Amino acid sequence: MTDQEQLIREALAAEAAEAADTRDVLAALYRGRARRRRPLALIAAAAVTTAAAAVAVVVPLTAGHTAAPPVEAGTSSGPRNVLLVGVDDGGRADTVMLAHVGGPNGIAVVSLPRDTRVDVPGRGPVNLASTYSTEDRVQGLKNAVESLTGVRVDHHAAVETRAFGALADAVGGVEVCLKAAVDDPFSGASLPAGRQELNGEQALAFLRQRRGLPRGDLDRVVRQQAFLRAASAKVLDRSVLGDPAKLAALVDVARAGVRTDEGWDLLAFARDLTPGTAVRAATIPVGDTPEIEDGKPLLAVDPAEVRRFYAGFTAGQATGGGTPTGTPAGDDCVD
Amino acid sequence: MDDSSAEWTRAGDGFDGFVAARLDRLLRYATAMTCDKHLAQDIVQDVLLRAQSRWERIAAMDAPYLYLKRMVTNEYLSWRRRRAARDVSSSHAALDVVAPVVPDHAARHAERDAMRARIAVLPRKQRAAIVLRYYEDSPDEEIAAVLGCTVGTVRSHISRALKTLRANENKPVEVLR
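Chain order of the listed sequences is A and B.
Count along the first sequence from 1, then add 60; that gives the number in our numbering.
Count along the second sequence from 1, then add 783; that gives the number in our numbering.
Keep in mind that a hint or two might mislead.
As the list claims (entries may be wrong) - Below are the EDC-like pairs computed for lysine to aspartate or glutamate, each with C-alpha atoms no more than 20 Å apart in a straight line:
#	chain 1	residue 1	chain 2	residue 2
1	B	Lys946	A	Glu70
2	A	Lys356	A	Asp277
3	A	Lys306	A	Glu261
4	B	Lys908	B	Glu858
5	B	Lys946	B	Glu894
6	B	Lys946	A	Glu65
7	B	Lys946	A	Asp63
8	A	Lys356	A	Asp179
9	A	Lys202	A	Asp179
10	A	Lys356	B	Glu924
11	A	Lys239	A	Asp395
12	B	Lys908	B	Glu924
13	A	Lys239	A	Asp392
14	B	Lys908	B	Asp923
15	B	Lys908	A	Glu65
16	A	Lys356	B	Asp923
17	A	Lys239	A	Asp279
18	A	Lys239	A	Asp277
It is worth saying that the hints were derived from the structure and are not from the lab.
Please read all numbers here as calculations on a predicted model, not as lab measurements.
For reference, chain B alone in the conformation it holds in the complex (with noise of 0.2 Å):
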């Protein structure tokens, strides 16, 4: 997705336009990279609250949802060190595949269930560079510029991952046992 700002500032409406445009699109971003949505939830709260103080300056950026993008970003990669003595909810991907599946269950849905599991237990930076290409559909340069790292090294990231995924995929994952 193009990081256009003609949507949000034809609403006119600074910041309260841009997050009437972009909250849901942000929410399901961090949702897919943390792979748990109460901490998705915390992380996009925090970073509006934070980006709205200064608001100003991030709009005159060229691309002010990449930005925020990266702020959210930047806070799951750092958010364990920060919040190690809060409550952490255990993957739902994982539980879900723990948990019993019912019997008549697609196959498909299963097997989409089970790389839901294993992508949970990526190295947080393999995943970021993950969800930025498979489902932001972001081109390598911007991963690079919200990962704050090079285009060399998000190829690597992203491969070690598909690497993994794929060495996983005949192999029950680990929390099934």
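This is chain A alone, in the form it adopts within the complex (with noise of 0.2 Å):
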């Protein structure tokens, strides 16, 4: 290599030490996926809910009105079961859970991964999240997730994944516990171990991450479960009860982020809940690691074992084949 070579090098390699940082284009290549496929996320509504987030948006919308409990109480319309969807910013369903409210035993939260094997009429085993299309909205899911659980979906609700951003920064931040740093740069997890307050921006990122984890997407679900529930401590304490303000961001949250079914008479429904009712988060009993068929990674998922767990789960037992992921007390840190 001649003297001139060497040179070229050395300046091209300076000239390449110059770039950019990664994590700023991979900030903004989310932000462009966002902002490309806007249009397609508001024409299908899309979202992120849990029950905990309904309850969290719900309950304070009631509470600003009636400082004290709700008189009419009693006048409950029985349990209902609501299908929460969270569709990420690509129009995608990204979060599936099933809650049934309004039962004798407080608010039962049960994911469903969005991997889970379900066979769609002529479309054979796909998973849970393909069903959710831009086309028919959540009718094609709502259809999985019924035959799959034998369960009837009275309503459905859904939350924009950012929503959850602003629900962590209106409430003042949301507590976490982690197990193990964590530092993802595609997702821009960077937070330490321990317990922690997230405000908007680690939350979404503590949200997001999939990759690095012990089990992948299943460990997100946990970590789905651990800030919801969290988070509707946080709502229901009296710290933002009391407080104007954060009541006020709360309602523009849910204003900007959330959407039910028509049908759904959403203060009716948080009239039946009382501040301080506890909220229970599991999984449906699913194989803990992916088959793949059709090069489309699925969890296995026996239907029947779903439908016992579901009814075992909403009749107020804390097992039942599924994976119990803590109670609003305990002291569960995440992967």
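Each chain sits in its own coordinate frame; assemble them with the hints.
Take a look at the structure:
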């Protein structure tokens, strides 16, 4: 190699070393995805929801009007099964939960992992998430969930992923506990081990991270549950319920990021909820490792077992073959 | 560098895995070629966004990274035409040379910066060819594939570029005066 060529190499290496930080590019890539897919997301009423999110948003709506516990608490319209869908910035179902609300045993939230194997007539085996489509909105997913669980879905609600960030900011931070420090450039999750308060941006990264977790998406489901338990506890706390500014911020989150089916009277629903209502969360029994079928990773599931589990869990049993993930009071650190 | 895709297919995460494994390299390549880190960032972002929407087809290719490199290169080669209205930051390398040099700068360092400035003013195709050969260490066949021309043209780009760089070796770079 000539000296000139050596000098060229050094010059190019020096030039290349000026490259922008990859984290900036990743962040911009995320924003870019959101920007480009925005119309789709709007059409789909894209959202990320969980029962706890509905609680978190709906309860303060009512509490803002009636500081005292609602008088007509006895006029319960009976237990309802609410399908909660989280849809990411790209318009894809990212989180699926079925909440049993208004029963005597508090609120039971059951996560259905997005890679759960379901049979769709005419399509064969697919993952649960893919039954949500921008064309028919929540209908395909609703059918799949009903046929898997044997439960009639009374209502559905959806919260946009980013609403969780706004939710965390609105209540002044949400506390989670990590078993180990994480540093994942793709989700932007860079958090120390231990108990900590997440702001909106950190909450989104915490909820998004899938790479680098021991069980991948299954661990992410546990994170969603931990976040929502902590968020609803925070919302029901005096420091939020008693603070008009925080309540107003929460109402804004609800308006901007939560959508429900038209027939659902949210205020009536909210009257059935009492501040302090226990929220229990669990995941349906599924195989722990995905099996590759037609090139798709699918989690094996036995519908009969899921039905038994759902019935048992909503009736107040702690276990039934699935994976309970802590209680509101539990000291549950997550991966 | 070879274009073995093992590195990211093992990650098993499709587009996301590819980005995690290759973004740094792609960004450095684009920066070396454009001599402008902001432009390089814009180009790489644009290309990745476009690649994502048809990732399945790109992933099925023999050499996805090479394809992305080609997209980045084409984006740069056609960039002035398409974004004439946009602010163009001047070559950083050139600015470095214009800026007062720290007195005790090592001679080699100064020489290297002068070379950066000379590379920065090469015609774009020549510059891309130089970066592919001396930064990416690509064989001429691969350079031809990325630039979409024949091996003969690649060699002529490189020999002309080397001649220019050599001829200017002892001359102050234009932007200096």
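Structure-based check of each hint:
Distance hint between Lys946 (chain B) and Glu70 (chain A) is fulfilled; the C-alpha atoms sit about 18 Å from each other, no more than 20 Å. With a C-alpha separation of about 14 Å, the suggested pair Lys356 (chain A) and Asp277 (chain A) falls inside the 20 Å cut-off, and the hint holds. Taking the CA atoms of Lys306 (chain A) and Glu261 (chain A), the gap is about 18 Å. The hint holds against a cut of 20 Å. For the proposed pair Lys908 (chain B) and Glu858 (chain B), the alpha carbon gap of about 12 Å is at most 20 Å, so the pair holds.
A threshold of 20 Å between alpha carbons decides the hint, and for Lys946 (chain B) with Glu894 (chain B) the separation of about 17 Å falls inside it, so the pair holds. Under the criterion of a C-alpha separation no larger than 20 Å, the hint pairing Lys946 (chain B) with Glu65 (chain A) is consistent with the structure, at around 12 Å. Simply put, Lys946 (chain B) and Asp63 (chain A) have alpha-carbon atoms about 14 Å apart, close enough for the 20 Å limit, and the pair holds. Between Lys356 (chain A) and Asp179 (chain A) the alpha-carbon distance is near 13 Å, which keeps this suggested pair within the 20 Å criterion.
For the suggested pair Lys202 (chain A) and Asp179 (chain A), the alpha carbons sit about 13 Å apart, so the restraint of at most 20 Å is met. At most 20 Å may separate the alpha-carbon atoms for a hinted pair to count; Lys356 (chain A) and Glu924 (chain B) exceed this at roughly 36 Å. Distance restraint check for Lys239 (chain A) and Asp395 (chain A): the Cα-Cα separation of roughly 5 Å lies within the 20 Å cut-off, and the hinted pair is therefore satisfied. With a C-alpha separation of about 15 Å, the suggested pairing of Lys908 (chain B) with Glu924 (chain B) holds against the 20 Å cut-off.
A distance of roughly 9 Å separates the Cα atoms of Lys239 (chain A) and Asp392 (chain A); the hinted pair therefore holds under the 20 Å criterion. Distance check on the hinted pair: Lys908 (chain B) and Asp923 (chain B) sit about 14 Å apart at the alpha-carbon level, within 20 Å; holds. A threshold of 20 Å between alpha carbons decides the hint, and for Lys908 (chain B) with Glu65 (chain A) the separation of about 18 Å falls inside it, so the pair holds. Taken as a hint, the Lys356 (chain A) and Asp923 (chain B) pair is broken in the structure, with Cα atoms around 39 Å apart against an allowance of 20 Å.
Between Lys239 (chain A) and Asp279 (chain A), the direct Cα distance comes to roughly 12 Å. Compliance with the 20 Å bound is thereby established for this hinted pair. This hinted pair checks out: Lys239 (chain A) and Asp277 (chain A) have alpha carbons roughly 17 Å apart, not beyond 20 Å.
The structure shown violates the earlier hints numbered 10 and 16.
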